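Please model the entire structure based on the sequences and the hints provided.
Listed below, chain by chain, are the residues.
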Amino acid sequence: MTRRELLSALAAAPLLNAKEAPAPPVSIARCKSYTEDLPAVLGQMFDQLGGLARVVRNKTITVKLNLTGSPALKFQGRALGVTHYSHPKMVGAVAYLLEQAGARRIRFVESAWGTGGPLEEYMLDSGWNVRQLKSAAKNVEFENTNALGLGKKYSRFKVESGAVFPAFDLNHAYEDTDVFMSMAKLKNHATCGVTLSMKNIFGITPASIYGDDAGDKAPNESPTKGRVNVCHLGKRNPAASAPAEVDTASSRDPGYRMPRIVTELCAARPIDIALIDGIETMAGGEGPWIRNVRWVQPGLLLAGFNPVTTDTVATAVMGYDPRSPKGQEPFVKCDNTLLLAEARGLGSADLKRIETRGLSIRDATFSFR
Amino acid sequence: MLFACLLAASVADWVPVHWPSGDVKSLELLKGTAVNCVLIEQAAWSKEFADAASKQGVDVLGVLKPSKDALDQARKAKDMGLSGVSLEGDFDASVPKALADSNIRFVEIGLRMRMRMEGAALVSATNQGVWPGINTVEDTTKAAPSGGPWIDTNTGFLRFARAASDLPVWIANPPPPKTIIPVERYLQTISDAAMSGARWVITFEDDFAKKLIARDAKTLEAWARITQLLAFIEEHKEWRMWKPGGQMSVVQDVESGALLSGGVLDMIAVKHTPVRPAPTRRLNTAMMQGSSMAVNVDPSGLNDAQKQILREFTRGGGTLLTGPPGWKFPSAKPGEITLAKEDLEKLDAIWKELNTMTGRRNLGARLFNVSSMLSNLLVSPDGKQTILHLVNYSNYPVDSVTVQLTGTYKRARVYQPGKKPQDLAIYPIEEGTGVDIEQIREYGVLLVE
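Quick note, the sequences are listed as chains A and B, same order.
Residues in the first sequence are numbered consecutively from 1, following our numbering.
Residues in the second sequence are numbered consecutively from 1, following our numbering.
Just so you know, not all the hints are guaranteed correct.
[Said to hold, decoys possible] Below, a sample of chain A positions facing chain B; criterion: calculated Cβ distance under 10 Å: (1) 78; (2) 122; (3) 123; (4) 127; (5) 131; (6) 135; (7) 218; (8) 222.
[Unchecked claim] In silico DSS-like cross-links for lysine-lysine, where the CA-CA straight-line distance does not exceed 27 Å: (9) B:410 with A:134; (10) B:352 with A:225; (11) B:341 with A:225; (12) A:217 with B:352; (13) B:410 with A:235; (14) A:225 with B:346.
[Unchecked claim] Here are a few chain A residues that sit away from chain B, every Cβ distance over 10 Å (derived from the structure): (15) 47; (16) 77; (17) 117; (18) 138; (19) 176; (20) 253; (21) 297; (22) 299.
FYI, nobody ran anything at the bench for these hints, they're computed from the structure.
Predicted model, so just to flag it, every value in this text is computed and none were measured.
Just so it is clear, CB atoms sit at the ideal spot from N, CA and C, and this is done for glycine as well.
What follows is the structure, encoded as structure tokens:
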């Protein structure tokens, strides 16, 4: 079976009921500062989950970072990594840890906002020391997946019973990998309520195809905008080289569309490792462009081998009921992504079925309300 | 004593401030600072103040506003022992002529379109400027990430003025009215002018002025930061004479919008592409040497000799962006200092062309993590040293700035007000030399050699 066939088979998995969805454990750890020994803390967390080596040894690992929004947008002048971006020290620690666990190749990816240029330059613009990160482990590489990048063609990921798109055309990096890791921040999201390891994957859609300035027919390999019109609002279709929307008569409400796009992306391109950084972050929204956001220091890390269970626990740690229906916090304006993912059989959103290791949810709770 | 002999410092070295008091005691606040030229309102003129200032090495210019008796008032200033007068506003052309005939020194701080570029003027100055800083006008319809902030700046037209004239360049724009101005904004405004080789005529917001004269403790702290920055700038005044570096030239003049803010020069500066203003009036072969790209903003404004220079430039391998006929900006009109809406649309077209032309090429320096900053690359007269001015327009320090320079350098050092110069590690990169700067507060200068 080829990688492509395997991914298609996974995406086509039958919808399960909530009790059948997988419910692997989630590790929670206290980590008050980025100056702590992050490899040691993370290493212990993955050990609590059965070890990282069994998943990554001799494999190519693709790590999706969270570098949302232009690096020019800082919150109160703070470094991006302590508010809404992945923190470079976490990136260095993960690279080190993956190498120690036997990873053959480590590729950090993100669809850099408003550019198809090298991810390294975007990281420099974010104030990161790229030379230092490259030396954190052997065979570390970076790729901007906002366009074709280093690939020759886009990879198509089919969605079984997709409500919004029947398939996604993505950068090759999401196919040319053995293990896919989502490295997210513990944050609220203005539309989706929370943005954790699953919502982070929304950013794997290339703006060259799904962006507001995507070509009508072919991808625009020099994208400069976000994805509001294609994804959030459904005002236009992606570039015609990619599959068009399933039903343009369906709801245009971002609160309907976004949770479904996220869930369907997670079904099409499954996440093998979920890591959520809540050491220092932002509450009230996903970035400084959201009104009334605030800087918070929960001092927490969460990890799991299933994104739904990990996000479910993370949502609870943020002080919310992960099974809240639309209209209740945190899903005030949107459908509950966790429940949609559970209905797809991607993982359980039922706290009663999810074992936590390390800190308990009660001890870790930090209110984002 | 001859009037001219009262001048304590040469005009080129004047560090001017609109001083809010005629009280002799207020001069204490200037002791030990770089300020050596105060501009005071007519109601505050006195011989006592002028004498005390002169003893302290400070020149006093009496501020005059347009009026029928401006000449009489100027004579009164001279009689009181003031060093000269500052004509602030749109004066009739007969006034400066009469002052010159009367051997009264004067500076003209008026409309931008009337800035003196040549002749016997003491300075090239205007009181029309934008208030520099990050434009914080919120788009309330937006709930999604966007690009970087726009920085309001006077650097584009100031850099043109410096290139077009041998006179010292002053800008005397006042702070916005009824606004509390944090000290950082004063520092940004001073630095905005300084990095362009010009000087801001410091003008205090009313409340700040009152508190300063009353010696309010917090205001004195702010004043100390301002004077520290002024001292830093004047300690390195030789940098003001260095020439613009980089490989991109903009051929433009007053007639094609060079005195308007938000134009081509500002657009390129926001992209942190080093740019060399090439005033059409001074265009020559030497000016284009070292450039690999050029923008000719107004092809119809060139004479045959100037056209020939640009032909030689392209024959020598240079890339010239020349727009179609009609691709021209208006010159500045009275009361107008920024581009009109229809001109912004033209600018957008130029911007797209420029972006295509430059791409991600390094045209002298590429900077990273500088979204709240503007920069200016300058080269020493002997070509052995290069400096990069970095002005931070946010009210927070910026950490981890990366600079990638073309060319090979052996040493890098960063200078910042109130800090000892810091040697920096350099490393080779594909295009030349890389340097990482740990932190820039309000203003820093990277020197490489």
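We went through each hint and held it up to the structure:
With a least beta-carbon distance of about 8 Å to chain B, the hint placing residue 78 (chain A) at the interface is held under the 10 Å criterion. At about 9 Å, the closest approach between the beta carbon of residue 122 (chain A) and any beta carbon in chain B falls short of 10 Å, and the interface hint on this residue holds. Satisfaction of the interface hint for residue 123 (chain A) is found here, the shortest Cβ-Cβ separation to chain B being roughly 9 Å, below the 10 Å cut-off. A cut of 10 Å between beta carbons decides the hint on residue 127 (chain A): the least distance to chain B is about 4 Å, and the hint holds.
Because the smallest distance between the Cβ of residue 131 (chain A) and any Cβ of chain B comes to about 7 Å, under 10 Å, the interface hint for this residue holds. Against a cut-off of 10 Å between C-beta atoms, the interface hint on residue 135 (chain A) is violated, since the closest Cβ of chain B lies about 12 Å away. At about 18 Å, the closest approach between the beta carbon of residue 218 (chain A) and any beta carbon in chain B exceeds 10 Å, and the interface hint on this residue is violated. With 10 Å as the threshold, the beta carbon of residue 222 (chain A) comes within range of chain B, its nearest partner Cβ sitting at about 9 Å, so the hint holds.
About 24 Å separates the Cα atoms of residue 410 (chain B) and residue 134 (chain A), which keeps this hinted pair within 27 Å; it holds. About 15 Å separates the Cα atoms of residue 352 (chain B) and residue 225 (chain A), which keeps this hinted pair within 27 Å; it holds. Only pairs whose Cα atoms come within 27 Å are accepted, and residue 341 (chain B) paired with residue 225 (chain A) is accepted, the gap being roughly 23 Å. Between residue 217 (chain A) and residue 352 (chain B), the direct Cα distance comes to roughly 21 Å. Compliance with the 27 Å bound is thereby established for this hinted pair.
This hinted pair does not check out: residue 410 (chain B) and residue 235 (chain A) have alpha carbons roughly 54 Å apart, beyond 27 Å. Under the criterion of a C-alpha separation no larger than 27 Å, the hint pairing residue 225 (chain A) with residue 346 (chain B) is consistent with the structure, at around 21 Å. Every beta carbon of chain B lies more than 10 Å from that of residue 47 (chain A), the smallest distance being close to 33 Å; the non-interface claim holds. Once the 10 Å rule is applied to beta carbons, residue 77 (chain A) is inconsistent with being away from chain B; the minimum gap is 2 Å.
The beta carbon of residue 117 (chain A) is not kept farther than 10 Å from every beta carbon of chain B, the shortest such distance being approximately 6 Å. Here residue 138 (chain A) stays apart from chain B, with its beta-carbon at least about 20 Å from theirs, past the 10 Å limit. No Cβ of chain B approaches the Cβ of residue 176 (chain A) within 10 Å, the least distance being about 25 Å, so the stated non-interface status holds. At the 10 Å boundary, the C-beta of residue 253 (chain A) stays outside the reach of chain B, the nearest C-beta of that chain being 14 Å off.
Every Cβ of chain B is farther than 10 Å from the Cβ of residue 297 (chain A); the closest lies at roughly 18 Å, confirming the non-interface assignment. With a least beta-carbon separation of about 22 Å from chain B, residue 299 (chain A) lies farther than 10 Å from that chain, consistent with its non-interface assignment.
Going down the numbered hints, you'll see the structure goes against 6, 7, 13, 16 and 17, while the others check out.
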